[in-house]
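Go ahead and model the full structure; you've got the sequences and the hints to work with.
First to last, the sequence lines map onto chains A and B.
Each residue of the first sequence is one higher than the one before, starting from 1 at the first, in our numbering.
Each residue of the second sequence is one higher than the one before, starting from 1001 at the first, in our numbering.
Misleading hints may appear alongside valid ones.
Dumping the calculated DSS-like pairs for lysine-lysine here, alpha-carbon to alpha-carbon at most 30 Å [said to hold, decoys possible]:
{"hint": "1", "chain 1": "A", "residue 1": "K135", "chain 2": "A", "residue 2": "K169"}
{"hint": "2", "chain 1": "B", "residue 1": "K1149", "chain 2": "A", "residue 2": "K52"}
{"hint": "3", "chain 1": "A", "residue 1": "K25", "chain 2": "A", "residue 2": "K52"}
{"hint": "4", "chain 1": "B", "residue 1": "K1149", "chain 2": "A", "residue 2": "K75"}
Derived by calculation from the structure, the hints in this document are not laboratory data.
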Amino acid sequence: MTAEKAPLLEVRGVSKYFGNVIALKDISLGVGAGEVTCVLGDNGAGKSSFIKILAGVHPHDDGEFLVEGEPVRFKSPRDARERGIATVFQDLATVPLMSVWRNFFLGSEPTVGKGPLRRIDVGRAQQTMREEMRKMGIDVRDADQPVGTLSGGERQAVAIARAVYFGAKVLILDEPTSALGVKQSGVVLRYVVQARERGLGVIFITHNPHHAYPVGDRFVVLNRGRLLGDWRRGEIGRDELVKMMSGGAELDQLTHELESQLEGPG
Amino acid sequence: MNEASGGGSRAAAVTAPGAPTPEPVADERLANIGLVARLMRRPEVGSLLGALVICAFFWLTTDVFGTLNGIANWTDVASTLGIMAVAVALLMIGGEFDLSAGVMTGTTGLLMGLLTTEWGISMWPAIALTFLFAATVGFLNGYMVMRTKLPSFIVTLATFFVLQGVNLGVTKAITGTVRVAGLGDVPGYDSASKLFSSTFWAPHNFRISVIWWIAIAALATWVLARTRAGNWIFAVGGDANASRNVGVPVARVKIALFMTTAIAAALVGIMIALRLSSVQAGQGVGEEFTYIIAAVVGGCLLTGGYGSAIGASLGALIVGMAFIGIQFSGWNTDWRFLFLGVILLLAVLVNNLVRHRAEGARR
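Here it is, written out as structure tokens:
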């Protein structure tokens, strides 16, 4: 897709150790503009460690981390954000008791006035928030509504709209659908597609292949801290993806065991 | 979760890639946000009603309460309490407690007293040093809480006892008594007491601390509602992790809040010391709970992230009116503790309800 140009974000052979525990070993993947790379893995596969490296929470120990072809080493999430990498953490993205517009601009509030009279430009903040949310298909009538009263999907939308507005080139979504019902998950997947249509690179981390499959251009499966496989869209079927996710052969064996147990001595 | 958002039976909601931007859909659940609903979202509604009820009660049942002299009386009590309640409210909105805030009013008063009467420093430099000392203690409180990640309840409880011990020990060691007296003779006393402890409106003698209180409450309200700092205070108390993730300097905000509380305590300590021109070593002990009660009555959640400075001021007003009202009614003033307990319980119950409403869909 973006063969000649350097991908927006790329990691090559990245590893992470916590003491003598190998959290991640030799992980490589990339995402280009207008692409969705899905990182799949079961619990304990290393998804959280991986996302923390991408987000700048932990530095990587081995390997290369490239942003637009340039090697980087993030010291903090702020560094990552400055390079246009925005991470939306599952359930840690918004402050429930604060209003929608306050959440939208939290940490980067637009201000007017100087010195001690410097204050938040509330009117502009509310208007911008409304416009940006409208682009995602949400009509926020009451800007002062606490975020906690929004649905789970809408709350993710606030976090995604915020990241896009503040100039994210790469959007990293940490399990955005895991706590949601079927319909709300669909809503969030639509935002993923929209972000891609707007030319962002999206890294979509999930343990649900059914959510990843319809939106992904590239699928990367992690298992026990290692890369199990890397496929382009069309190179792998949904069923195969499900199988790979649960450790491939392990699932076959499990199915076999369960079947034999059920069929076994009554 | 999110059952309210509609039937989960429509599995087809998963969109195919390349779907167009959907048309904004008006959410029918947001249809009518009436005035009442808007009011109910404000944290200070409960305390406003409470203040009106208590004011009306004592106004009607006693003779003095409603006179200007009476009002000067209860606004005086409410003012120093209110200054502290506002600072404590900011800290509580930021998700922390300071149990050393009460005893700090004693420590700072004693420090100023000793600096001036024992070590010959004149009033204004002593006041500056006292504020500096308070800021340092506040910083240490905040730094320890952030560094150890222990509950601020425990850390400031320790500070509370340390300061209480120091207050008594140092005062006794230096003066041989449990009080520091004679501030009235210190150079600069007149100008300082004019600013911090004078009265105005001659026959009724309203306290200048009332002006301080109103100014501080107004400033705090503006900070909370209209500045980045205010936004960050709500954020660090509401969800410290989410705030950190969007780049809010959580530790800096919380440490600043501890320092604000300590500086407010110094202001009140200085006011009381100048007013009486002497300081008791036991000054302020136990007051920290009254501050917290005033803040909670004013709508602050004990869990942080919600509350207001106006609410805390109204809470302080309720406490002030009740203390003086009980006195005017000729009842035994010990009943005021029972009153504090009852309004605290009522306020917490109301706040819980508000919180559930505000967090609505979350759980």
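Here is what the structure says about each hint:
Restraint check: the Cα-Cα separation between K135(A) and K169(A) comes to about 17 Å, which is no more than 30 Å; the hinted pair holds. Distance check on the hinted pair: K1149(B) and K52(A) sit about 21 Å apart at the alpha-carbon level, within 30 Å; holds. Of the pairs offered as hints, the one joining K25(A) and K52(A) holds, with about 15 Å between alpha carbons and a cut-off of 30 Å not exceeded. For the hint linking K1149(B) to K75(A), the alpha-carbon distance of about 22 Å falls within 30 Å, and the restraint holds.
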